[in-house]
Amino acid sequence: MSSTGVTARASVLPVYDSARRGSRVIDEARALWSYRSLVQELVVRDIKVRYKRSVLGIVWTMLAPLLNMIALTLVFSTILKQEIRNYPVYFMTGAIFWAFFSQTTSSAASQTNDSNEIAKRIYVPRSVFIAASVGVGLVNLVLSIVPLVGILVVTGFPIHPTWLFLPVSIVTIVLFSSGVALLLFTFASRFSDIREMYLVLVQTWFFLTPIVYHPAIVPPRFRFALWLNPMYYLIQTFRKPIYDGVIPSSGLVAASFALSVGVFLTGWVYFCHRAEEMGYRS
Amino acid sequence: MTTTAAVRLENVSVRYRIPRERIASLKEYAIRRLKRRLMFDEFEALRDFGLEVQAGETVGVIGRNGAGKSTLFRLIARVLPPSAGRVVVAGRIAPLLELGLGLHGELTGRENVMLQGALLGFSRGEMRRRMSRIVEWAELEEFIDAPIRTYSSGMAARLAFAVASDVDPDILLVDEALSVGDERFQIKCHDRMEAFRQAGKTVLLVSHALDQVRDNCRRAIWVHEGRLVRDGDSASVAQAYHDWSVGGAALPPVIIGRR
Chain Y
1 MSSTGVTARA SVLPVYDSAR RGSRVIDEAR ALWSYRSLVQ ELVVRDIKVR YKRSVLGIVW
61 TMLAPLLNMI ALTLVFSTIL KQEIRNYPVY FMTGAIFWAF FSQTTSSAAS QTNDSNEIAK
121 RIYVPRSVFI AASVGVGLVN LVLSIVPLVG ILVVTGFPIH PTWLFLPVSI VTIVLFSSGV
181 ALLLFTFASR FSDIREMYLV LVQTWFFLTP IVYHPAIVPP RFRFALWLNP MYYLIQTFRK
241 PIYDGVIPSS GLVAASFALS VGVFLTGWVY FCHRAEEMGY RS
Chain R
1 MTTTAAVRLE NVSVRYRIPR ERIASLKEYA IRRLKRRLMF DEFEALRDFG LEVQAGETVG
61 VIGRNGAGKS TLFRLIARVL PPSAGRVVVA GRIAPLLELG LGLHGELTGR ENVMLQGALL
121 GFSRGEMRRR MSRIVEWAEL EEFIDAPIRT YSSGMAARLA FAVASDVDPD ILLVDEALSV
181 GDERFQIKCH DRMEAFRQAG KTVLLVSHAL DQVRDNCRRA IWVHEGRLVR DGDSASVAQA
241 YHDWSVGGAA LPPVIIGRR
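Residue numbers (our numbering), protein chains in the order written: chain Y, 1 to 282; chain R, 1 to 259.
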């Protein structure tokens, strides 16, 4: 090796040819896989930067749902007098699963500008930024299981063996959230007001989903609306194993999985066909 | 297929569609769409551009601001697909277009090296292996675990150049990167560029400093309003550009690529 650190290398050169192109859907998947270490770095960066100058650091991730839970428990169990057995557990199982969805999708919608700054200067598959949003959400989801277990222990709630079902629920919500994130990212890179619109929408959606309240309080004539809400199914696949101690019915699991795969594929295909023209927006 | 060319552009055009009025929101878009008042201007950043750079060449790119130099680099760096024509690039590219792209002030030098490496497509293991050599070259051993918001701009540039040039590219795209840092660093950069050339790497250099082009490159191209107007040895192209931009000499006829 020379003193300047430049080495001659004899290997097959990677060739980029703008005229030779395969399926965009497959090319983007391959590119994302080969840039997986960038996804990892972006996730690490996001988490490190967020807690870099704070005293409590990563504890915030666990504290936030806990404080939320206390406030909502006060409001919904004392003021509204809902009869929900062990409300803190009921609420938290819904809330942390919802938080994963809303954080992942809003972060994807919010980072079109930052990612464009990078992707218009250096070649990276744009899907890495969405994958990173999902990655950050997953880290937070796993971390917020810690305070959930804390609440279970403190309130003497049993930890059922049905917890073993949770990986299936998590894979399902990851697919669903990724699909929504891909669609939002693609829209938001065209129109800057998509982000604001989505933030309002997601707030409303939260209250339309039985997270803070029990579906039983929904009047029968509005019950059908619950079944039109995909997050209702998805949250049940998470809440039932933890809160009810049962494995969700195969019908529920199949429906939510099929829906999530459908949303994911729609998002992926749409994103891949629009990814190239994003380079033309400055 | 000729594979000796490191970079080949065949009749490449890049057209940007610029809305007459900037429409950034969906609401506005919908209103305009309904009123059928969506107007676009087309801006051709590059027109029918042909260029072939052989592996191992060092080529300077000169031209006024907005002439299409950056667009040319973005095509080669693969961040922009051509609107028409074909771009073929053989080899791994290290763009030194924007030194310090993606650097994050709150992260330490070491964390930033990992991130920069990942942006260039390297794995974590590979970057860890290269780390000590990068840090040593940048002469930042003492500061590498401090957040880079505490660095001077010269230090940050040193770190970024060290990463980008350590990744063993076949093609180096340099955009006036050598004008940062102190004299000692500039000499180091120059030496490393020289080493690149001797190792048979291809270098493309955009610069407004004609001396830098003359010193570093044997060949130069002049881009004007999206067209290639001169292609030849760097001294004569730099001279022609100088005469035109300072002395008002007539523009030479367009060359549509070399075949």
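Just so you know, the hints here were simulated from the structure itself, not pulled from any lab data. Any given hint could be a false lead.
[As the list claims (entries may be wrong)] Okay, the calculated beta carbon distance ranges per label pair:
no.	chain 1	residue 1	chain 2	residue 2	range
1	Y	TRP60	R	HIS208	44 to 52 Å
2	R	GLY125	Y	GLY262	43 to 51 Å
3	R	GLY105	Y	GLN203	45 to 53 Å
4	R	ILE31	Y	VAL59	35 to 43 Å
5	R	GLY125	Y	PHE222	39 to 47 Å
6	Y	PRO167	R	ALA199	47 to 55 Å
7	Y	TYR270	R	HIS208	50 to 58 Å
8	R	GLY200	Y	ALA29	54 to 62 Å
9	R	ARG124	Y	ILE70	16 to 24 Å
10	Y	THR162	R	GLY125	34 to 42 Å
11	Y	PHE224	R	ILE31	44 to 52 Å
12	Y	TYR270	R	GLY125	46 to 54 Å
Predicted model, so just to flag it, every value in this text is computed and none were measured. Even for Gly, the Cβ is constructed at its ideal location relative to N, Cα and C.
Going down the list of hints, with the structure as the test:
1. About 48 Å separates the C-beta atoms of Y:TRP60 and R:HIS208, a value consistent with the hinted range of 44 to 52 Å.
2. Taken as a hint, the range 43 to 51 Å is violated for the pair R:GLY125 and Y:GLY262, whose Cβ atoms sit roughly 37 Å apart.
3. Checked against the given bound of 45 to 53 Å, the beta carbons of R:GLY105 and Y:GLN203, roughly 32 Å apart, lie outside it.
4. Our hint of 35 to 43 Å for R:ILE31 and Y:VAL59 is violated, since their Cβ atoms are close to 48 Å apart.
5. Under the hint 39 to 47 Å, the C-beta atoms of R:GLY125 and Y:PHE222, about 55 Å apart, miss the expected range.
6. The hint said 47 to 55 Å for the Cβ distance between Y:PRO167 and R:ALA199, and at roughly 49 Å that hint holds.
7. Between Y:TYR270 and R:HIS208 the beta carbons are some 42 Å apart, a value that contradicts the proposed interval 50 to 58 Å.
8. Distance hint check for R:GLY200 and Y:ALA29: the Cβ-Cβ separation is about 34 Å, which falls outside the suggested range of 54 to 62 Å.
9. Distance hint check: the CB atoms of R:ARG124 and Y:ILE70 are about 39 Å apart, inconsistent with the given range 16 to 24 Å.
10. A hinted range of 34 to 42 Å for the beta carbons of Y:THR162 and R:GLY125 is consistent with their spacing of about 38 Å.
11. For Y:PHE224 paired with R:ILE31, a C-beta distance near 34 Å fails the hint of 44 to 52 Å.
12. At roughly 34 Å, the beta-carbon separation of Y:TYR270 and R:GLY125 lies outside the given 46 to 54 Å, and the hint is violated.
Hint check: violations occur at hints 2, 3, 4, 5, 7, 8, 9, 11, 12; the rest are consistent with the structure.
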